[in-house]
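Undergrad: Since the structure of chain L is provided, determine the placement of chain V on it from the hints.
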Amino acid sequence: QKEVEQDPGPLSVPEGAIVSLNCTYSNSAFQYFMWYRQYSRKGPELLMYTYSSGNKEDGRFTAQVDKSSKYISLFIRDSQPSDSATYLCAMSRNSGNTPLVFGKGTRLSVIA
Amino acid sequence: GAVVSQHPSRVICKSGTSVKIECRSLDFQATTMFWYRQFPKQSLMLMATSNEGSKATYEQGVEKDKFLINHASLTLSTLTVTSAHPEDSSFYICSAPLGGVPGGRIGEQFFGPGTRLTVL
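Line by line, the protein sequences are chains L and V. Reminder that position 85 of the first sequence reads as 85 in my numbering, one-by-one numbering, no gaps. Reminder that position 19 of the second sequence reads as 19 in my numbering, one-by-one numbering, no gaps.
Check each hint, because a few of them may be wrong.
[Stated by the list, open to error] Quick list of simulated restraints, FRET-style, between CB atoms:
1. V:L68 to L:P14: 46 to 54 Å
2. V:M45 to L:D58: 23 to 31 Å
3. V:K64 to L:G59: 40 to 48 Å
4. V:C13 to L:E45: 22 to 30 Å
5. L:S12 to V:N70: 41 to 49 Å
6. V:K64 to L:I111: 40 to 48 Å
7. V:L68 to L:S69: 36 to 44 Å
8. L:S20 to V:L68: 39 to 47 Å
9. L:D7 to V:V3: 26 to 34 Å
I should point out that these hints are in silico values taken from the structure, not numbers from a laboratory. Think of the CB as a built atom: it goes at the ideal place given N, C-alpha and C, for glycine as much as any other residue.
Next comes chain L alone, as it looks inside the complex:
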């Protein structure tokens, strides 16, 4: 079993739809959870950062972490064509400069 599982998609939705992206993980040591957005042929950019369980909202984006279920989600409200990208979940075990563990990434297309 991989440490982080993420459905690669592709996921295609109409403009204005609510998008739900998810990852599951197996290592209970993960404490820090992130979502990165990566446009084609570009480096990933940090979208959401969450520590431990709970919800975090930033504009149209909401990140949820359920450590008891080892499940994290990213919701995008009122999706726009500019949201079309690959979304990668990432996790970190502890403090210090340890590398992130990434999901495979989900390719999202928002159709106008």
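TA: Coordinates of chain V only, in the frame set by chain L:
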């Protein structure tokens, strides 16, 4: 916000040549940087951890003699692909963690824009 740059953004080379990729943290110091490789439609695969002032730590299956990493200063790490072959063609991305930077969050990393390597 923190900025990480990479140079070059794209390189095409002949088989057998060596290619150097630079990763710089522009407005903060990074004692550690990470190098990733990404094949088309695949996720980022960690290749190695670059440590300022000491040897890099390579992931299993990554040839340290082929992928030379030098963390020359607190703002610069270089990856040299030696004797490149077509199978080395990929998107190489570096990142720098902000955990030790004032205001930086534990686990947060900033990524460079990536370098697309094509070996003919």
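Undergrad: Indicate, hint by hint, whether the structure satisfies it.
TA: Verification of the supplied hints:
1. Here the CB-CB span from L68 (chain V) to P14 (chain L) is close to 48 Å, well matched to the stated 46 to 54 Å.
2. Separation of M45 (chain V) from D58 (chain L) is about 28 Å and conforms to the stated range, judged on CB atoms against 23 to 31 Å.
3. K64 (chain V) and G59 (chain L) have their C-beta atoms about 43 Å apart, which keeps the hinted 40 to 48 Å range intact.
4. At about 28 Å, the CB distance of C13 (chain V) to E45 (chain L) agrees with the hint of 22 to 30 Å.
5. Hint check: S12 (chain L) to N70 (chain V), Cβ distance near 43 Å, so the stated range 41 to 49 Å holds.
6. Roughly 45 Å separates the CB atoms of K64 (chain V) and I111 (chain L), a value that falls within the hinted 40 to 48 Å.
7. About 43 Å separates the C-beta atoms of L68 (chain V) and S69 (chain L), a value consistent with the hinted range of 36 to 44 Å.
8. Take S20 (chain L) and L68 (chain V): their Cβ atoms lie about 43 Å apart, and the range 39 to 47 Å holds.
9. For D7 (chain L) and V3 (chain V), the Cβ-Cβ distance of about 32 Å falls inside the hinted range of 26 to 34 Å, so the restraint holds.
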